[in-house]
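So the protein sequences, as listed, match chains B and F. For the record, in the first sequence the residue sitting at position 101 is 89 according to this note's numbering, with numbers rising by one throughout. For the record, in the second sequence the residue sitting at position 27 is 15 according to this note's numbering, with numbers rising by one throughout.
If you're looking for bench data, these hints aren't it; they were derived computationally from the structure. Yeah, the Cβ is synthetic: ideal placement off N, Cα and C, and Gly gets one too. It is possible that part of the hints are untrue.
Claimed, not checked - Residues of chain B clear of chain F, computed beta-carbon distances all greater than 12 Å:
| # | residue |
| --- | --- |
| 1 | GLU(-9) |
| 2 | ALA1 |
| 3 | GLU21 |
| 4 | ALA41 |
To be verified - Derived coverage of chain B by chain F (criterion: at least 3 residues anywhere in the stretch with Cβ under 8 Å from a Cβ of chain F; other residues may be distant):
| # | segment |
| --- | --- |
| 5 | -8 to -1 |
| 6 | 4 to 13 |
2 protein chains.
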Amino acid sequence: MAEVSTKPYLIRAINEWCTDAGFTPYVAVAVDETVRVPGEFVANGEIVLNISALATSRLLIDNEAISFQARFGGVPREVYVPMGRVIAVYARENGQGMAFEVPRAMSAPAPVAVASAPAIVPPADSPAPPEPPRPPKPSVDRPKLTRIK
Amino acid sequence: MAEVSTKPYLIRAINEWCTDAGFTPYVAVAVDETVRVPGEFVANGEIVLNISALATSRLLIDNEAISFQARFGGVPREVYVPMGRVIAVYARENGQGMAFEVPRAMSAPAPVAVASAPAIVPPADSPAPPEPPRPPKPSVDRPKLTRIK
C-alpha cells in the first residue's frame, strides 16, 4: 500500500473547524511550477488563499491537492495546489490552525502585488507563515498553530 | 457563539487517516472521574484504547467526547472519554498522529494491570505518551506526532 499522508486529513479538519466555528479558512501556499494560481498575486514565492465557501466554488480537498474556482480581480480563475505545497491552514480571525514544513523552490518568482479579490489575501494584511500569529490566550486544551515537520 | 476547539476535528482526522491507511487508531487517555473506562485497565492514571472498527462498536467522535462499546476480557463495556481527557491519537504501527496537552488529575488512581482484550492496549507493549514514538524516517512533507499545547 502506498504511504498515505496525514496532511490532507488535517487540512480538511481545520477547514471544517473554521466553517463550524464561523471563521474564515486561509491556506498559505509555497508557489512553484506545480501550483496553479494567478501569478500576479504571488509575493515572495507565497500566496495566501481564502478557501471559504463564500470565496470559492467547487472546492475540493482530496488527498492529492486543493482545487477550486475563485474570482481574482473579478475574473474567475482555476486554482490548483498540490498537498506538498501547502504551508499552513488557519483561521483568519485568530490564527489558529496548522502549519507544515515545505521545501522551498530554489528561485521562486516573487512579483509583489496587492489584491482585493475575495479569494486572495493581501500579504501585508495577512498573518503570513512562517510567523503565524498565536491566539491571544490559549487555554490548556486548545491546540495552537504548530509547525509540523 | 461558544468557542469551538480544533481538537475533535483533529482526532477525527487522524482516525480517518488510520482507517484509510490500514493502520490501527489508538487513543491515549488521562483518566479522571469524568472518564468512563474499566478501572482495572488504567495504569498510572492513563489508558490506551484501540478505537478501530474491529475493536469497537457504535464508535462516536463528536465535539464533546469519544464514546463506544468494546469488549474487555470478553465483557462488553461502555466507554466514554470527554475531549479534554484525550492525550493523543496515533497509529499503533508507526506512532504517527497528534498529541495534546492535558491537565493531570491531582491524585490519579493507578492500579497497574495488563489486559488482553482487543479494545485495550497493554501499557508495557504500547508506545505510550508522553513519549510517543517517532516514525523512523520522516519525510519533509509528513506531519509527525507533535504535542499540541
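To see whether the hints hold, each was checked on the structure:
1. GLU(-9): For B:GLU(-9), whose nearest Cβ neighbour in chain F is about 8 Å away, the distance does not exceed 12 Å, so it is violated.
2. ALA1: At roughly 4 Å from the nearest Cβ of chain F, B:ALA1 sits no farther out than 12 Å, so the non-interface label is violated.
3. GLU21: Non-interface label on B:GLU21 holds, nearest chain F Cβ at 17 Å vs cutoff 12 Å.
4. ALA41: Non-interface label stands for B:ALA41: nearest chain F Cβ at 17 Å, farther than 12 Å.
5. -8 to -1: With 6 residues in contact (Cβ-Cβ under 8 Å with chain F), the coverage given for the segment -8 to -1 of chain B holds.
6. 4 to 13: holds (count 5)
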